[in-house]
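Asker: Build the full structure now, drawing on both the sequences and the hints.
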Amino acid sequence: MKLSFSAEDEQFRGEIATWLEQNLCGEFEQLRGRGGPGDEHMYPDERKAWERKLAEGGWTCIGWPQEYGGRGASIEQQVVFHEEYARAGGPGRMGHIGEGLTGPTLIAFGSEEQKQRFLPGILAGTEFWCQGYSEPSAGSDLANVKTKAHFDETAGQWLINGQKVWTSNAHESEYCFVIARTDPESVGHKGLGFFLLAMDQPGIDVRPIEQLTGTSEFNEVFFDDAHCSAQDIVGAPGEGWKVAMGLLGFERGVSTLGQQMLFQNELDEIIRVAKLNGAATDPVIRQRIADAHVGLRIMRFNSMRTLSGGGDDGTLQKEAMIYKLYWSTWHRNLGKLAMDVLGPESEVLEAGPYELNRLQSMYLFTRADTIYGGTNQIQRNIIAERALGMPREPRG
Amino acid sequence: MDFTFSEDQLLFQESVRDFLVNEVTPEKIRESWESETGRSPELWAQLAELGLTGITVPEALGGLGMSALDFVLLAQECGYVALPEPLVHTALVAVPLLTDIGGELAAQWLPKIASGEARVVVGLSQNLLVEDAHTADLILLQQGDDIHALTPGQFNLRHNESVDPSRKLYAVEATASNIVCSDVAVITACLNRGALGNAAQALGLAQRMVDLAVQYTSERNQFGKPIGSFQAVKHHMANVAVQLEYAKAPVHRAAYAVANDLNSASENVSHAKVVACEAANLAAKNCIQVHGAMGYTWEVDLHIFMKKAWALANSWGDAGFHKNRINDFILRADTPLGAGNTFLN
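Line by line, the protein sequences give chains R and A. For the first sequence, the working numbering gives the first residue as 1, with consecutive numbering after it. For the second sequence, the working numbering gives the first residue as 1001, with consecutive numbering after it.
No wet-lab data here; the hints were simulated from the structure. Any given hint could be a false lead.
Taking beta-carbon pairs under 10 Å as the criterion, some of the chain R residues facing chain A (in silico) [unchecked claim]:
#1 Met1
#2 Gln11
#3 Glu21
#4 Gln22
#5 Ile271
#6 Ala274
#7 Leu307
#8 Tyr326
#9 Arg332
#10 Pro353
#11 Gly374
#12 Asn376
#13 Gln377
#14 Leu388
Glycine included, every Cβ here is placed at the ideal spot set by N, Cα and C.
Answerer: Now the structure itself:
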C-alpha cells in the first residue's frame, strides 16, 4: 500500500493544470462549473466547442490505448486528470457517452471497420453519442426489449422499429447505440442485437421529455423503419445482451473519480453557503455536513482501492454493484442538505418562469439519481443475490 | 498509488483467520463468560507462540516489528470471532505507546509482552473505564495530561459489568504516582490507535453478523420459500453489505496514515471509526430483524457479536467525538475549499 503519486504523475498533473489554465478562458470562461448534474441542458453548443478544444490538446479519451488515438494513460494519470479538470471547474463533458461507453465497447467488441469509422469522431470531439437501452416496457426489467430489428435482404440493411425512452442528450447526438430484438420469437436477454445508428435520418423522431426541473435533458426516441447498415451491428445478431452488459461494466471505473470531484465542488458550495448564512453554526447541520464529507471520502477511497487492483478477491465485482446505490443515495441526501442549509430561501426561485438556482436544480436532479441506471431497489436485489449469495427471487 | 495489501499481508490474515475461527468458537466464548477472569492463559500463550502478542514489538526487543497497517487485517479477524483476549489492545495500543515512551520502561516490558509473560493495558481519560485491568501486570494510566506507569499494588480496581459479557471493565484508582509521559502528541496518537483498533474489529464483527444472517435466511422457510428470497429481507441485508464493504477502504486508509505517522491521521481515524462502527451497528440492527424472534434470544450466537459491536462503538471516542474532530477539520476557517484541496487527504 502506497497512497501517494509518483514524480512522473505530479509532472503530468502540472501539464494538465497548465493546459487548462491557458485554455479554459476567453470564450470558454463562462463554462467553468457548468453542465454538471442538474445543469446538463446548459450551453450544449459551447460545451461541444470545448470538446473540440480538449481534443486539440489531446485531452479527450486519455485512457484509450494509443493505437486507437488515446494516450494509454495509466490509472494514476487518469485520476490526476480528473482531479485537475474538476479543480479548474471544467464543464460537464458532452462527450462522456462516446468516450466512456461507445469507445471502450467498440475497442472490446467492435470490428476493425467500426473502430476506424467511429472512434476518430469521438476522439476529435466532433461526434456525440446517446444510449438506447430503456423502453416503456423495459425499465427495471431491462431485458424486456420490444424494439425490433429486421434485416431487409433486398436493401442489405437493418430496419429498426420501436421506441426508446429516457435517452439523455438524444437531441444533441450524432449517433445512438440501440439494443433491439433480432429474433422476433425470443424473450428476455436472448435474441438481441447491439446496433449503431445515425440519428439524423427520417426514421428517427426525438421528442424531449420535460423534467420536474422544468428543463429537458432526456427524450423519447421513436424508430419507424430507421436504417442501420449491415456492418453496424456490434457482435453477431443474438449477442446484443453480452455487448450491452460488457458496456455497463465500463460505466464504473475511472469516470467515477470525475463524478466525485463534481460532488466535492457541490459540497464545498454548500459549506460556503453554510458559513455565509450561519447554518454552519447549527449543530445538526454541522453533523450532516460531516456525514456528507465522510460519505464522499468513502467513495473516493473505494474508487482508489478498486482502481489499484483490489479486484483479485472479487471486490471489483462487488464494488460495481455497490457503487451506484451508494453514490445515488449520498447525492440525494446532499440535495436535501443543500435545501436545509438554504433554509427559508430554498423556496425562492431565481426568476420566472421556473428558473431554479444551482442548488435547487441539484436538489431536484438528485431525485433521478436513485432511479436511473437501475433503481436502488433493483440494486439491492442484485447485491443481495450476487454479492451476498442470498436465494434468488422467483421471476416470471 | 497502490491501495492494495501485499501477498504476505493477505497470507498472514488468512492463517490468523484459520487459527481464530477454529480456536475461538462461540461455545468457547460462552464458556469464558462462566470463568473467573473471563480470560484464557492457554489461548494467550498460543497467541504469543504465533508471534501475535509481539507483532508490533520492535524486532530488537523480541517482536515481529510490524506496523498498524500490517496488523489492521488481523484486527478485523479478531473482530470476526469476537476474541475476548485483548490482542488488539495490546498490539495497537499498549505496545506502540510503550515504544513511543521508550527508554528503560520499553526495554523492560516489550520483550515480556512479545513472549506472552506480561500483559500491559492502557487507560486514557477518553475512556470511562479500563479494559482488562484485572489481569494487567502494568497499567499505563492517564491522569490529567500525564501518563503514569503503575504495577499491581499501585492501584485499586472496581469491576464494572459490560453489556458485552466478554469485556472486563474496571475503574482504576491510582495509589501511587509514576509519570512516564506528558507528550500530547503521543497521547493523541495512542487514542487514534485505540479508535483504529475498534474500527477494524467493527468490520469483522459486521462481517460475522452478515454471514450468520445470510445463512439463517437461506435456511429458514416461510410461505414455502427461504425467507432470504423475499425482497424485504434482501434489502435489509444489501444495505448492510454496502455500508460494510465501503467502510473497509477508510479503515485501511486510516491504518496507512497511522503506520506512516501522517498529519491526516486524526481525521482519517475519526472517519474510519465513525463509518466502521455505523456499519457494525446497522449490521446488528438488521441482522436481528431478519432473524425474527430467534434474533432476540440468548441461545442464538448473534448477540455475542452485536453486543461487542455496540460496546466498541462507544469506546475510544464515540460517534459524536469523532464527528466533531472531522467537523473541526472541514469547517475550520482556514480549510481551503475546492475539489483537490479538501479531497486529497
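Asker: Indicate, hint by hint, whether the structure satisfies it.
Answerer: These are the hints, each one checked on the structure:
Interface restraint check for Met1/R: the shortest CB-CB distance to chain A comes to about 5 Å, inside 10 Å, so the restraint holds. Nearest Cβ of chain A to the Cβ of Gln11/R: about 15 Å, over the 10 Å cut. The hint is violated. Interface restraint check: Glu21/R against chain A, minimum CB-CB distance 13 Å, threshold 10 Å, status violated. Interface restraint check for Gln22/R: the shortest CB-CB distance to chain A comes to about 18 Å, outside 10 Å, so the restraint is violated.
Satisfaction of the interface hint for Ile271/R is found here, the shortest Cβ-Cβ separation to chain A being roughly 6 Å, below the 10 Å cut-off. For Ala274/R, the suggested interface contact is upheld, since its CB lies about 8 Å from the closest CB of chain A, less than 10 Å. Against a cut-off of 10 Å between C-beta atoms, the interface hint on Leu307/R holds, since the closest Cβ of chain A lies about 8 Å away. For Tyr326/R, the suggested interface contact is upheld, since its CB lies about 6 Å from the closest CB of chain A, less than 10 Å.
A least Cβ separation of about 14 Å between Arg332/R and chain A goes past the 10 Å threshold, and the interface hint is therefore violated. For Pro353/R, the suggested interface contact is broken, since its CB lies about 33 Å from the closest CB of chain A, more than 10 Å. The interface hint given for Gly374/R is broken, as the beta carbon of that residue sits about 13 Å from the closest beta carbon of chain A, more than 10 Å. Checking Asn376/R against chain A by beta carbon gives a least distance of about 9 Å; that is within 10 Å, so the hint holds.
Nearest Cβ of chain A to the Cβ of Gln377/R: about 7 Å, under the 10 Å cut. The hint holds. The interface hint given for Leu388/R holds, since its Cβ lies 5 Å from the closest Cβ of chain A, which is under the 10 Å cut-off.
In the structure shown, a violation is registered for the earlier hints numbered 2, 3, 4, 9, 10, 11, in ascending order.
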